[in-house]
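Peer 1: Here is what each chain is made of, one letter per residue.
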Amino acid sequence: MNTDPFTSRLSDYLDDELPDGERQSVDAHLGQCESCRVTIEELRAVVSAAGRLPDSAPSQDLWPGVESRITGTWLPALAGRKRDAISPFRRAISKRLTFTVPQVAAAGLTLILLSGGLVWMARSGDPRADVTPLRAEEPLVQPANFADRNYDAAVAELERTLGEGRKTLDPETVRVLEQNLATIDRAIDQCHRALATDPSNLYLNTHLAEARQRKLLLLRRATALTKGT
Amino acid sequence: MADDVALAAAGDVSAFERVYQAHLPRVHSLVRRMTGGRDTDEVTQDVFVRVWQKLGTFRGDSAFSTWLHRLAVNVVIERFRAETLRRQRIREGDDIFDTIAAPLRSRDLSMDFEAALAKLPDGAREIFVLHDVEGHKHHEIASLLDISVGTSKAQLHRARMMLRRHLGRKDSTYEH
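Chains as they are written, first to last, in this note's numbering: chain A, 5 to 233; chain B, 8 to 183.
Heads up, a few of these hints could be off.
[Said to hold, decoys possible] Simulated crosslink set (DSSO-like; lysine-lysine; CA at most 27 Å straight-line):
#1 B:LYS144 / B:LYS61
#2 A:LYS171 / A:LYS231
#3 A:LYS231 / B:LYS61
#4 B:LYS126 / B:LYS144
#5 B:LYS61 / A:LYS171
[Claimed, not checked] Sample of chain B residues facing chain A (criterion: CB under 10 Å; computed from the structure):
#6 HIS35
#7 ARG39
#8 VAL56
#9 ARG66
#10 SER69
#11 LEU124
#12 PHE135
#13 VAL140
#14 ARG171
#15 LEU174
[As the list claims (entries may be wrong)] Pairwise CB distance ranges, derived in the manner of DEER restraints:
#16 A:PRO9 / B:ALA17: 55 to 65 Å
#17 A:HIS196 / B:GLY67: 17 to 27 Å
#18 B:LYS61 / A:ASP174: 29 to 39 Å
#19 B:LYS61 / A:ARG48: 53 to 63 Å
#20 B:ASP68 / A:PRO175: 24 to 34 Å
Don't read these hints as lab results, they were simulated from the structure. All C-beta atoms, glycine included, are put in the ideal place defined by N, C-alpha and C.
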């Protein structure tokens, strides 16, 4: 094993990281120690070789996997397949489709206002509504079960993460987020109350599911922003 | 290339593919060396997906290749930080200090060297790649890996001592 106190300093010596005093001390030692002179030449050769390592491309084409992920068409089964084996239709997707929080929020708000109006008309039997009010005694569909612990846990976790990271967001973004989350929550609450008297109403069940999904989407997008991704 | 970067940042996938092709060998080699060959293709894809997501933040203050390199290093570090505590892996490296096999003596010395590099303990390998292959300073490595400068220096020296055998030298220890 190495017992030479100078050996451990040879890399620092090579990298010019030693203080002047120590450097002179190692210089003096190298003048009388052949073993350390050999070692430092070997270390020099390692450093030189490391700086000359050639770069090489992978053995298979990785682009299809990258492309499918950035265009939102990622399928695990396609990852790593040869490029020629990938369906050409995905090549036609040539633009990135992304939305900002205000855009998502605005779209969500528009949908909520439109569908919320339909809820009101459906409940009141307004003839302009496309959805005929269903009576409880005519259960064409089974009431959906929205007591989903996984969903509730996911929303709670996202809300917690968002709460911790909200300081990193622009105040205007936070304001829009809170406004739209409140609107979605009101829509969800309205659906729950409407379903309490008409649990089999297909439209109400669908609307509630969509509102819950919109809330999840908005929370995910917002928490992603707090993490800078 | 600068035009392709700008086009890609605006959402042009074809331009991004050209950027990808231009930088693939560099990124793939960096990832392969830092990971010791584990999940290299997958991590390389992760890097380019991250590049796509972050292109909008590239301001052109530095060369694109420098920006890309730093992002790639961060992706690799994040990837493996989740698997094991880095400090623990660096300490474990001490136990296999002398376990690297003898040189393969192939005609291509760089292949021997790459094979030996892959067998280094994780911590020593990452530091060696960042310092001697990629040219980072110890204080940068310490910051990237969340270790002390002293640890970075010590691990670099250990890695070099292990690798010197693979450059045709017959000495396998450094007894004095």
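Peer 1: Hint by hint, where does the structure go against what was stated? Just the numbers, ascending.
Peer 2: 9, 10, 17, 18 and 19
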